Amino acid sequence: MDVNQMERRLVDYTASLFREGLLDDQFTQLQQLQDESNPDFVVEVVSVFFEDSERLLNDLGRTLDQQIVDFKKVHDHVHQLKGSSSSIGAQRVKNGCIAFRNFCEEHNIEGCLKCLQQVKQEYFLVKNKLESLFRLEQQILAAGGSIPMME
Numbered sequence: 116m117d118v119n120q121m122e123r124r125l126v127d128y129t130a131s132l133f134r135e136g137l138l139d140d141q142f143t144q145l146q147q148l149q150d151e152s153n154p155d156f157v158v159e160v161v162s163v164f165f166e167d168s169e170r171l172l173n174d175l176g177r178t179l180d181q182q183i184v185d186f187k188k189v190h191d192h193v194h195q196l197k198g199s200s201s202s203i204g205a206q207r208v209k210n211g212c213i214a215f216r217n218f219c220e221e222h223n224i225e226g227c228l229k230c231l232q233q234v235k236q237e238y239f240l241v242k243n244k245l246e247s248l249f250r251l252e253q254q255i256l257a258a259g260g261s262i263p264m265m266e
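The numbering used here puts the first residue of the sequence shown at 116, with every later residue one more than the last.
Honestly, the hints are just simulated from the structure, not real lab data.
Keep in mind that this is a model prediction, so the values were computed, not measured.
Beta carbons are placed, not taken as given, at the ideal position from N, Cα and C, and that holds for glycine.
Please note that a few of the clues may not be correct.
[To be verified] Ranges between beta-carbon positions, derived for each pair:
1. Q182 x R124: 49 to 57 Å
2. A214 x D180: 40 to 48 Å
3. A257 x G226: 43 to 51 Å
4. A130 x H190: 32 to 40 Å
5. D191 x E225: 29 to 37 Å
[Unchecked claim] With a straight-line Cα cutoff of 27 Å, these simulated DSS-like cross-link-like pairs (lysine-lysine) come out:
6. K242 x K188
7. K229 x K244
8. K235 x K187
9. K229 x K188
10. K242 x K229
11. K235 x K188
12. K244 x K187
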């Protein structure tokens, strides 16, 4: 595959992430903050999101697994996850957190557990898609191409 084909594939792939509702405009804004002086900005920010999210998801699982659930702690973790997913534009993770927070406020353990599974699923989906996006960007740069910006 030549560089032009890879660049077109990147544009199509990125557009599909927006069409599927995985990403929103916040991701585009994040990309616009990246420049020659900080070429790995998006990858670095998203990597921190991955680390924080996995820690929060594990903490949520442990907290919801307790005999007596501390719903304030659950709420705080969900709030953090919602904020970080919102900051990188992970729209479906953010939306899952909104539903999660509602069940938390109702002290609905079954609803919380269902939401945790849904949010985990959305998180791992967006993580895999973004990792593929970053790999494609690396292949384009390695082949001497440039990363086309989304409109």
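The hints, checked one at a time:
For Q182 and R124, the Cβ-Cβ distance of about 51 Å falls inside the hinted range of 49 to 57 Å, so the restraint holds. Take A214 and D180: their Cβ atoms lie about 20 Å apart, and the range 40 to 48 Å is violated. Taking 43 to 51 Å as the suggested C-beta distance range, the pair A257 and G226 conforms, at roughly 46 Å. Between A130 and H190 the CB atoms are about 35 Å apart, so this pair conforms to the stated range of 32 to 40 Å.
For the pair D191 and E225, the supplied restraint of 29 to 37 Å is violated, since their beta-carbon distance comes to about 20 Å. A distance of roughly 25 Å separates the Cα atoms of K242 and K188; the hinted pair therefore holds under the 27 Å criterion. Of the pairs offered as hints, the one joining K229 and K244 holds, with about 23 Å between alpha carbons and a cut-off of 27 Å not exceeded. For the proposed pair K235 and K187, the alpha carbon gap of about 20 Å is at most 27 Å, so the pair holds.
Simply put, K229 and K188 have alpha-carbon atoms about 17 Å apart, close enough for the 27 Å limit, and the pair holds. With a CA separation close to 20 Å, the supplied pair K242 and K229 stays within the 27 Å bound. This hinted pair checks out: K235 and K188 have alpha carbons roughly 18 Å apart, not beyond 27 Å. Pair hint K244 plus K187 does not hold up; C-alpha atoms about 32 Å apart against a cutoff of 27 Å.
Violated hints, in rising order: 2, 5 and 12; the structure is consistent with all others.
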